[in-house]
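Residue numbers (our numbering), protein chains in the order written: chain D, 36 to 276; chain S, 36 to 276.
None of the hints are false.
Any copy, or any two copies together, can satisfy a pair, since identical chains are not distinguished.
Below, a list of computed lysine to any residue pairs in the SDA-like style, where the Cα atoms sit at most 20 Å apart: (1) K211 <-> T104; (2) K44 <-> N133; (3) K122 <-> N133; (4) K44 <-> D107; (5) K156 <-> G179; (6) K155 <-> K176; (7) K155 <-> N42; (8) K142 <-> G66; (9) K44 <-> K176; (10) K155 <-> P181; (11) K211 <-> E130; (12) K131 <-> W78; (13) K44 <-> F177; (14) K155 <-> A41; (15) K176 <-> K211; (16) K156 <-> S266; (17) K131 <-> I76; (18) K256 <-> S266; (19) K44 <-> Q136; (20) K44 <-> E129; (21) K156 <-> R140; (22) K176 <-> D209; (23) K157 <-> G179; (24) K157 <-> R140; (25) K44 <-> T132; (26) K192 <-> S203; (27) K131 <-> K211; (28) K119 <-> W78; (29) K44 <-> R140; (30) K142 <-> S266.
None of these hints come from the bench; they were simulated from the model.
There are 2 protein chains.
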Amino acid sequence: MKPELANVKACVFDTFGTVVDWRSSVIAEAGSWGKAKGLNIDWVEFTDRWRLGYLPAMDQVRKGQIPWTNLDDLNRMTLEELLKQYKIEGLSEEEKTNWAQVWRRLKPWPDSVEGLGRLKKKCIISPLSNGNVALMTNLAKFGGLPWDVILAPDLVKHYKPDREMYLSAPFYLDLKPEEVMMCAAHVFDLRAARDCGLRTGFIYRPNEYGGGPIGVPDEAKPGDFDVVAVSMIDLAQQMGT
Amino acid sequence: MKPELANVKACVFDTFGTVVDWRSSVIAEAGSWGKAKGLNIDWVEFTDRWRLGYLPAMDQVRKGQIPWTNLDDLNRMTLEELLKQYKIEGLSEEEKTNWAQVWRRLKPWPDSVEGLGRLKKKCIISPLSNGNVALMTNLAKFGGLPWDVILAPDLVKHYKPDREMYLSAPFYLDLKPEEVMMCAAHVFDLRAARDCGLRTGFIYRPNEYGGGPIGVPDEAKPGDFDVVAVSMIDLAQQMGT
Numbered sequence: 036m037k038p039e040l041a042n043v044k045a046c047v048f049d050t051f052g053t054v055v056d057w058r059s060s061v062i063a064e065a066g067s068w069g070k071a072k073g074l075n076i077d078w079v080e081f082t083d084r085w086r087l088g089y090l091p092a093m094d095q096v097r098k099g100q101i102p103w104t105n106l107d108d109l110n111r112m113t114l115e116e117l118l119k120q121y122k123i124e125g126l127s128e129e130e131k132t133n134w135a136q137v138w139r140r141l142k143p144w145p146d147s148v149e150g151l152g153r154l155k156k157k158c159i160i161s162p163l164s165n166g167n168v169a170l171m172t173n174l175a176k177f178g179g180l181p182w183d184v185i186l187a188p189d190l191v192k193h194y195k196p197d198r199e200m201y202l203s204a205p206f207y208l209d210l211k212p213e214e215v216m217m218c219a220a221h222v223f224d225l226r227a228a229r230d231c232g233l234r235t236g237f238i239y240r241p242n243e244y245g246g247g248p249i250g251v252p253d254e255a256k257p258g259d260f261d262v263v264a265v266s267m268i269d270l271a272q273q274m275g276t
Numbered sequence: 036m037k038p039e040l041a042n043v044k045a046c047v048f049d050t051f052g053t054v055v056d057w058r059s060s061v062i063a064e065a066g067s068w069g070k071a072k073g074l075n076i077d078w079v080e081f082t083d084r085w086r087l088g089y090l091p092a093m094d095q096v097r098k099g100q101i102p103w104t105n106l107d108d109l110n111r112m113t114l115e116e117l118l119k120q121y122k123i124e125g126l127s128e129e130e131k132t133n134w135a136q137v138w139r140r141l142k143p144w145p146d147s148v149e150g151l152g153r154l155k156k157k158c159i160i161s162p163l164s165n166g167n168v169a170l171m172t173n174l175a176k177f178g179g180l181p182w183d184v185i186l187a188p189d190l191v192k193h194y195k196p197d198r199e200m201y202l203s204a205p206f207y208l209d210l211k212p213e214e215v216m217m218c219a220a221h222v223f224d225l226r227a228a229r230d231c232g233l234r235t236g237f238i239y240r241p242n243e244y245g246g247g248p249i250g251v252p253d254e255a256k257p258g259d260f261d262v263v264a265v266s267m268i269d270l271a272q273q274m275g276t
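This is chain D alone, in the form it adopts within the complex (with noise of 0.2 Å):
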């Protein structure tokens, strides 16, 4: 292990992507509901279209343009769009609401349990996902991730890349931030958290996106980040444990 992350006290986790894999997941449910229902709808499309109402969605929470608003919200918001747009209609509130949380009902990628209950043995785990308390809770019940502690946007109001987000990390948890690994799949994320002084961890996720047009999986060399890895397990590794 390089000497300076032997002072990591804790790794937090980006998690829609880098602990789970939310595609395959919606796209899998939704389909079954939708045979279910007798819909013929391109699921795929339908998934990756919510998708890509995320960032908007949280944008307008970011400049304030509406009021705090957690994932959960933001993502039933998204649905009705999507529900209008593909005029799929007469659904009850209960319905909406369970479609909603299809988000708290991901799969993790297969290394992700056990890299992360080896992490466990060294370090304080938790997510630091724009996911809301509620949401990653039952995320981590369905998919049985062994967190330590649930750090969330709606404990501080802000979502990531805010400052505030990753700063929230070593506030809570009574940490220096060099003592605090941002563990993600996205530069982005990692690049913000390195800004407010935290480790960073990359873990390569090649099939996020499934080749669909959300984007291309970020890759990262060696020396990019304190830790440049190919799975969980290989983070595990990294980190001496």
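Start from chain D and add chain S according to the hints.
This is chain S only, laid out in the frame that chain D set:
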């Protein structure tokens, strides 16, 4: 299981006295430390005095006499007074911090980890103690407490028995108050939670105060609360898990 408990989706726990045995843990660590330092002090009395400083310190915050201060820092303030009273001098800053954080290193009661593990299969489990996030997270690491999430007073800047603290559990977990059960060995805590619409589970902890001057353990009769249990395992069994 009682039918009204079928909808409980989260159990939240008072921790000092209910989940962990603070008194014998602090006495033991203080004794070892004092021996190493060659100090001749009654550590049982010292520990009880430290604990007696807890409520007045929190009340200063609750009444607005001092700004928001978390429990780690209140413990440190009370420790400083005790060090003067006992004429313990010459401690380094690091020693005093480590000392104040003995409250992060308390042993669970023998049934706590197993009982919480069982409850975790059925519902979300979280502390709802007056300990801050960092204290509670480290305490869980120390004792192997398998919390799903850490709810804490520094999220809402209120101490129990303020309503804001009890209502923070359904708020952050996106549940109705009656879907959350407050579990504690202390009747005042359960009564305050019930006034906020939470379900209540009493756990009898006859040895919390060790016959010392702090108090007499609370007792409860069947029917006083939604669940009246003699241990964490009994509580889990009564919750059907």
